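Chain U is fixed; fit chain D onto it per the hints.
These are the residues of each chain, in order.
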Amino acid sequence: DAGITQSPRHKVTETGTPVTLRCHQTENHRYMYWYRQDPGHGLRLIHYSYGVKDTDKGEVSDGYSVSRSKTEDFLLTLESATSSQTSVYFCAISEEGGGARKTQYFGPGTRLLVL
Amino acid sequence: SQQGEEDPQALSIQEGENATMNCSYKTSINNLQWYRQNSGRGLVHLILIRSNEREKHSGRLRVTLDTSKKSSSLLITASRAADTASYFCATDGGSNYKLTFGKGTLLTVNP
Numbered sequence: 001d002a003g004i005t006q007s008p009r010h011k012v013t014e015t016g017t018p019v020t021l022r023c024h025q026t027e028n029h030r031y032m033y034w035y036r037q038d039p040g041h042g043l044r045l046i047h048y049s050y051g052v053k054d055t056d057k058g059e060v061s062d063g064y065s066v067s068r069s070k071t072e073d074f075l076l077t078l079e080s081a082t083s084s085q086t087s088v089y090f091c092a093i094s095e096e097g098g099g100a101r102k103t104q105y106f107g108p109g110t111r112l113l114v115l
Numbered sequence: 001s002q003q004g005e006e007d008p009q010a011l012s013i014q015e016g017e018n019a020t021m022n023c024s025y026k027t028s029i030n031n032l033q034w035y036r037q038n039s040g041r042g043l044v045h046l047i048l049i050r051s052n053e054r055e056k057h058s059g060r061l062r063v064t065l066d067t068s069k070k071s072s073s074l075l076i077t078a079s080r081a082a083d084t085a086s087y088f089c090a091t092d093g094g095s096n097y098k099l100t101f102g103k104g105t106l107l108t109v110n111p
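So the protein lines, in turn, are chains U and D.
If you're matching positions, the first sequence starts at 1 in my numbering and goes up one per residue.
If you're matching positions, the second sequence starts at 1 in my numbering and goes up one per residue.
Chain U with its partners taken away, still in its complex shape (with noise of 0.2 Å):
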């Protein structure tokens, strides 16, 4: 978890409601990322960044945006939230390049629970 720290790291909220997670990161990697983890489907990618101002989507990005003003915070939305996206939300980051530099580093997660 060193250099990546995500908050909250706990947040309840209503159906219906804004919320925004932060990553923030020491390491000045190019590359950020934003991951949902649940019960039988394993880690699936959100968004991700390939550097200040430029995203994409992910797997399961329907609900979420994302904003990336800085280099060092990476910023998840959830517009509305649902009961669906009730989940454990990390955000991860790797350097620029190929082979071991694919490394993905992970922060600690927020556990998300809409009600």
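In short, the hints are calculated from the structure, not lab data.
Note that the structure is a prediction, hence the values are computed from the model and not measured.
Keep in mind that a hint or two might mislead.
[As the list claims (entries may be wrong)] Restraint-style ranges between C-beta atoms, simulated for each label pair:
| # | chain 1 | residue 1 | chain 2 | residue 2 | range |
| --- | --- | --- | --- | --- | --- |
| 1 | U | Asp38 | D | Glu15 | 29 to 37 Å |
| 2 | U | Ser69 | D | Gly93 | 28 to 36 Å |
| 3 | D | Arg41 | U | Ser83 | 21 to 29 Å |
| 4 | D | Ser95 | U | Asp38 | 18 to 26 Å |
| 5 | U | Arg22 | D | Glu55 | 37 to 45 Å |
| 6 | U | Asp38 | D | Thr108 | 16 to 24 Å |
| 7 | U | Gly63 | D | Gly93 | 19 to 27 Å |
| 8 | D | Lys69 | U | Pro8 | 13 to 21 Å |
Where is the CB? At the ideal position from N, CA and C, for every residue including glycine.
Positioned in the frame of chain U, the structure of chain D alone reads:
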């Protein structure tokens, strides 16, 4: 759909025994990686094997890769209770920056 699929979904062994987990994937890859996740924590990278490598070792870990069968295995030798965790394989599907993770194998090592 998931690129990598681990087998078995769960494995329970006694301390000192070896644990073998398998991963199958569908498309061509540049690299395959294995990660470990302790309960309630983020994933931690264990080992990366390139598509032109057949076997790689790191401490008590041994990874094999068979690109003709699109499969990999992770062997943990002389397991310890502290090895209890979920293990995931991740493939790049030829991407330079994205990984696709399997659903994981839950390993329980009983003392």
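Here is what the structure says about each hint:
1. U:Asp38 - D:Glu15: 29 to 37 Å: Since aspartate 38 of chain U and glutamate 15 of chain D have Cβ atoms about 31 Å apart, the given range 29 to 37 Å holds.
2. U:Ser69 - D:Gly93: 28 to 36 Å: holds (29 Å)
3. D:Arg41 - U:Ser83: 21 to 29 Å: holds (25 Å)
4. D:Ser95 - U:Asp38: 18 to 26 Å: Roughly 23 Å apart at Cβ, these two residues keep to the hinted range, so it holds.
5. U:Arg22 - D:Glu55: 37 to 45 Å: At roughly 41 Å between Cβ atoms, glutamate 55 of chain D and arginine 22 of chain U fall inside 37 to 45 Å, so the hint holds.
6. U:Asp38 - D:Thr108: 16 to 24 Å: At 21 Å between Cβs, range holds.
7. U:Gly63 - D:Gly93: 19 to 27 Å: 24 Å Cβ-Cβ, so the 19 to 27 Å window holds.
8. D:Lys69 - U:Pro8: 13 to 21 Å: Cβ of lysine 69 of chain D to Cβ of proline 8 of chain U: about 44 Å, so the range 13 to 21 Å is violated.
Comparing the model with each earlier hint shows a violation of hint 8 alone; every other hint is respected.
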